[in-house]
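Q: Chains A and B are the protein sequences, given in the same order. Each residue of the first sequence is one higher than the one before, counting from 27 in this note's numbering. Each residue of the second sequence is one higher than the one before, counting from 2 in this note's numbering.
Heads up, some of the hints might be wrong.
Said to hold, decoys possible - Pair ranges (Cβ atoms, derived): (1) B:Leu36 to A:Pro100: 43 to 51 Å; (2) A:Asn354 to B:Val351: 40 to 48 Å; (3) A:Pro182 to B:Gly338: 40 to 48 Å; (4) A:Leu368 to B:His57: 26 to 34 Å; (5) B:His57 to A:Tyr332: 34 to 42 Å.
Hints listed in this document are in silico derivations from the structure and should not be mistaken for laboratory results. The model shown is predicted, which means the values in this text are computed figures rather than measured ones. By construction, the Cβ of each residue, glycine as well, lies at the ideal position given by its N, Cα and C atoms.
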Amino acid sequence: MKKEFHQVIRDRNMLWLIFLAPMIQLLVLGYAINTDVKNIYTAVYDYDRSVLSREYVRSLSAGNYFIVQSSDLPLLDADRGFTENRFNVSLVIPPDFSDRLEQGLGVAAGFIVDGSNANSAAIAMGYAGLITNKFNRDYTGLTMPITMRPRILYNPEQESVNFMVPGIVAVLLLMITSMLTSMAIVREREVGTLEQLMVTPISTPALIVGKTMPFAILGYIEMSVALAVGIIWFGIPFVGSWPLLYFLSFIFLFTTLGVGMFVSTVTKTQQQAMFLAWFFMIFAILTSGFFTPISNMPQSVQYLTYLNPLRYFMVIVRGIMMKGAGLNVLYPQVLALIALGLAIFTFSALRFSKRVK
Amino acid sequence: MKKIKYIAAKEVRHILRDPRSLSIAILMPIIMTLLYGYAINLDIKNIRLAVLDFDHTRESRDLVGRFYHSGYFIRSQSEPDLADPEYVLKAGDASAVLIIPPGLSKAMTTGEDYQIGLSVDGADANTAAATTSYANVIMIQFLKDHLPPGFEPPGVTLSARVLYNPDLKSSHFFVPGLIAVILMMISALLTSITISREKETGTMEQLLTSPIKPRQIIIGKVIPYIFLALLDGVLVLTFGVINFGVPFIGSEAVLFLFGVIYVIAALSLGILISTVANTQQQAMMAAQILTVLPSVMLSGFIFEIKNMPIVLQWISHLVPARYFLLIIRGIMLKGSGIDVLWPQAAALVVITVILLGVATRRFRLKIG
Numbered sequence: 027m028k029k030e031f032h033q034v035i036r037d038r039n040m041l042w043l044i045f046l047a048p049m050i051q052l053l054v055l056g057y058a059i060n061t062d063v064k065n066i067y068t069a070v071y072d073y074d075r076s077v078l079s080r081e082y083v084r085s086l087s088a089g090n091y092f093i094v095q096s097s098d099l100p101l102l103d104a105d106r107g108f109t110e111n112r113f114n115v116s117l118v119i120p121p122d123f124s125d126r127l128e129q130g131l132g133v134a135a136g137f138i139v140d141g142s143n144a145n146s147a148a149i150a151m152g153y154a155g156l157i158t159n160k161f162n163r164d165y166t167g168l169t170m171p172i173t174m175r176p177r178i179l180y181n182p183e184q185e186s187v188n189f190m191v192p193g194i195v196a197v198l199l200l201m202i203t204s205m206l207t208s209m210a211i212v213r214e215r216e217v218g219t220l221e222q223l224m225v226t227p228i229s230t231p232a233l234i235v236g237k238t239m240p241f242a243i244l245g246y247i248e249m250s251v252a253l254a255v256g257i258i259w260f261g262i263p264f265v266g267s268w269p270l271l272y273f274l275s276f277i278f279l280f281t282t283l284g285v286g287m288f289v290s291t292v293t294k295t296q297q298q299a300m301f302l303a304w305f306f307m308i309f310a311i312l313t314s315g316f317f318t319p320i321s322n323m324p325q326s327v328q329y330l331t332y333l334n335p336l337r338y339f340m341v342i343v344r345g346i347m348m349k350g351a352g353l354n355v356l357y358p359q360v361l362a363l364i365a366l367g368l369a370i371f372t373f374s375a376l377r378f379s380k381r382v383k
Numbered sequence: 002m003k004k005i006k007y008i009a010a011k012e013v014r015h016i017l018r019d020p021r022s023l024s025i026a027i028l029m030p031i032i033m034t035l036l037y038g039y040a041i042n043l044d045i046k047n048i049r050l051a052v053l054d055f056d057h058t059r060e061s062r063d064l065v066g067r068f069y070h071s072g073y074f075i076r077s078q079s080e081p082d083l084a085d086p087e088y089v090l091k092a093g094d095a096s097a098v099l100i101i102p103p104g105l106s107k108a109m110t111t112g113e114d115y116q117i118g119l120s121v122d123g124a125d126a127n128t129a130a131a132t133t134s135y136a137n138v139i140m141i142q143f144l145k146d147h148l149p150p151g152f153e154p155p156g157v158t159l160s161a162r163v164l165y166n167p168d169l170k171s172s173h174f175f176v177p178g179l180i181a182v183i184l185m186m187i188s189a190l191l192t193s194i195t196i197s198r199e200k201e202t203g204t205m206e207q208l209l210t211s212p213i214k215p216r217q218i219i220i221g222k223v224i225p226y227i228f229l230a231l232l233d234g235v236l237v238l239t240f241g242v243i244n245f246g247v248p249f250i251g252s253e254a255v256l257f258l259f260g261v262i263y264v265i266a267a268l269s270l271g272i273l274i275s276t277v278a279n280t281q282q283q284a285m286m287a288a289q290i291l292t293v294l295p296s297v298m299l300s301g302f303i304f305e306i307k308n309m310p311i312v313l314q315w316i317s318h319l320v321p322a323r324y325f326l327l328i329i330r331g332i333m334l335k336g337s338g339i340d341v342l343w344p345q346a347a348a349l350v351v352i353t354v355i356l357l358g359v360a361t362r363r364f365r366l367k368i369g
């Protein structure tokens with residue numbers, strides 16, 4: 027085990043890669059991954075120009091959802107504005123807007139949305155609907171006796187960073203442990219020192235532990251640094267229990283180290299190892315619920331995700347950090363991780379020892 | 002000219018002799034298109050909703066039914082606990098809980114004040130926003146339908162119209178972007194391997210001592226990969242359009258033209274990487290980091306550039322995928338033409354020139 031540490035530290039290039047690259051990724055991703063739908067450029071065609079219509083437009087621009095500007099393009103040419111991406115929404119207020127409202131009638135305003143980004147479009151329509159309802163309540167004195175009050179739990183600032191960064195931490199852990207483990211073992215095989223080790227009187231289990239432990243420790247260090255950066259720099263919350271997170275990460279590591287070992291048994295060169303580990307990783311990330319909810323995926327893919335350890339760990343990390351969830355809530359994920367961890371690790375360890383012999 | 006052709010022909014033979022490169026070039030794009038296209042679905046639907054109906058009247062059942070039949074909400078995995086209804090949110094069994102206190106039916110006839118509770122898991126802000134919006138829409142429609150007939154509700158209503166993608170399918174946004182990312186990845190990967198492979202096997206010295214100029218070597222090496230990458234592009238595009246039903250409104254010819262420019266830019270980036278890396282392994286890793294990550298994160302592929310901090314917005318100007326994304330989405334979804342998209346194409350040309358220039362200079366330095 028000490029030997030492995032020495033080897034890792036001696037390889038300067040690798041060291042940079044291990045620590046610097048993920049940190050950069052964390053920072054970049056933390057800032058870039060922003061799924062908030064805000065600052066939607068909106069062109070307004072106000073044909074009424076009354077106090078009331080201006081009030082309505084003003085209410086739309088409150089909060090930073092819509093950035094409202096009058097358009098210099100005539101209405102008939104408005105689609106140039108869309109194709110040139112000058113604005114993504116246009117609002118058309120008819121000339122009888124205030125007249126009808128003052129008479130207590132209903133009036134329709136046109137709301138044209140660029141549908142290319144379906145997600146943003148749906149959310150933009152949602153925001154506009156909510157704002158319009160509020161306007162109706164405030165300015166026309168219409169109150170519906172039956173109302174619905176939504177209450178948003180966890181993540182009160184509604185920042186997508188809080189949702190993404192825990193996910194990134196989980197991904198970093200996966201990356202470090204699976205990729206590096208596989209590459210390190212393969213490198214030894216390439217260089218030939220692996221055979222030397224097999225000749226020595228070290229037992230196979232000790233060999234396996236010695237090879238994987240350093241990377242587990244590295245993974246922990248990496249995770250801690252990433253968490254620190256996330257909390258201090260990005261200000262994400264940590265509501266739950268630290269010891270629980272570290273303990274559950276340990277179980278998660280069984281699966282990732284197992285995958286790393288497995289990859290090392292089926293590849294011959296470091297390059298192949300990196301490639302295969304990368305492939306596993308991408309697959310795991312995509313189907314873990316990191317970017318997109320699993321419930322959105324086709325049924326067959328959803329079944330596949332039950333085999334993905336990252337899926338369970340994602341729920342665990344987010345649950346602990348954002349909701350303060352404990353074992354009583356998370357036990358299904360923990361059980362699944364234990365099962366997967368045991369299966370993968372034993373399977374890989376057996377393959378590994380067979381290779382050794 | 003002849004020298005370039007010679008290098009190009011040699012490169013083609015190398016490619017054909019290396020089955021691994023070929024399989025990367027042809028199989029990987031297809032697999033990636035299918036995988037990413039199906040796995041990543043940004044539509045917000047199938048939101049798990051738990052319902053506690055304390056009213057048990059025809060009206061309350063109607064309301065609950067509307068939620069579950071809207072296409073947006075599905076039943077949660079477990080029933081909410083009466084004592085702690087929001088526990089299901091913590092456990093992740095549901096993303097929202099609808100609580101209908103007793104008295105809904107009564108309130109609708111007497112007009113007294115009454116409030117329905119909706120607790121939403123705010124962890125994923127986007128889903129939360131969509132949940133409250135959808136719920137609001139359903140609520141309003143429910144109320145309208147139960148008003149006396151002929152009664153037109155006063156106030157503003159929005160007459161909404163969606164351009165370019167009336168069914169709001171997220172694949173329309175996503176798949177064109179996927180094409181851009183895959184093209185970039187494959188191109189950079191392939192070319193980064195090629196030069197470092199020559200360095201590793203030592204044939205590079207042979208090339209350099211020959212009377213062929215470095216510029217010709219580079220151009221000769223790139224040409225076969227242009228064809229390969231374009232073939233990939235057509236493959237991925239066809240898959241995208243057929244499998245995911247993404248429309249193609251604009252001109253194929255314009256897309257092809259700009260596609261060539263983009264591919265050359267991507268290949269140039271690969272060449273540059275390969276002049277820096279010493280081994281194939283380093284080249285592959287560098288290719289991944291320098292092309293995949295920026296192309297996916299900073300190009301506007303999934304995440305809006307204008308929401309990012311200024312520094313990242315500047316950096317995204319250096320990412321070729323950013324420009325091609327605008328191009329391909331513009332052509333496929335909006336039918337934009339050269340008159341709208343020429344700035345993006347010009348930017349790509351500039352980037353290509355810079356990349357090739359630096360690559361050539363590095364090449365010369367290595368010789369001299």
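Q: Now look at each hint and say whether the structure bears it out.
A: Each hint, compared with the structure:
1. B:Leu36 to A:Pro100: 43 to 51 Å: holds (45 Å)
2. A:Asn354 to B:Val351: 40 to 48 Å: violated (59 Å)
3. A:Pro182 to B:Gly338: 40 to 48 Å: holds (46 Å)
4. A:Leu368 to B:His57: 26 to 34 Å: About 47 Å separates the Cβ atoms of Leu368 of chain A and His57 of chain B, which means 26 to 34 Å is violated.
5. B:His57 to A:Tyr332: 34 to 42 Å: Because 36 Å falls inside the window, the suggested range holds.
Checked against the numbered hints given earlier, this structure breaks hints 2, 4; the rest are met.
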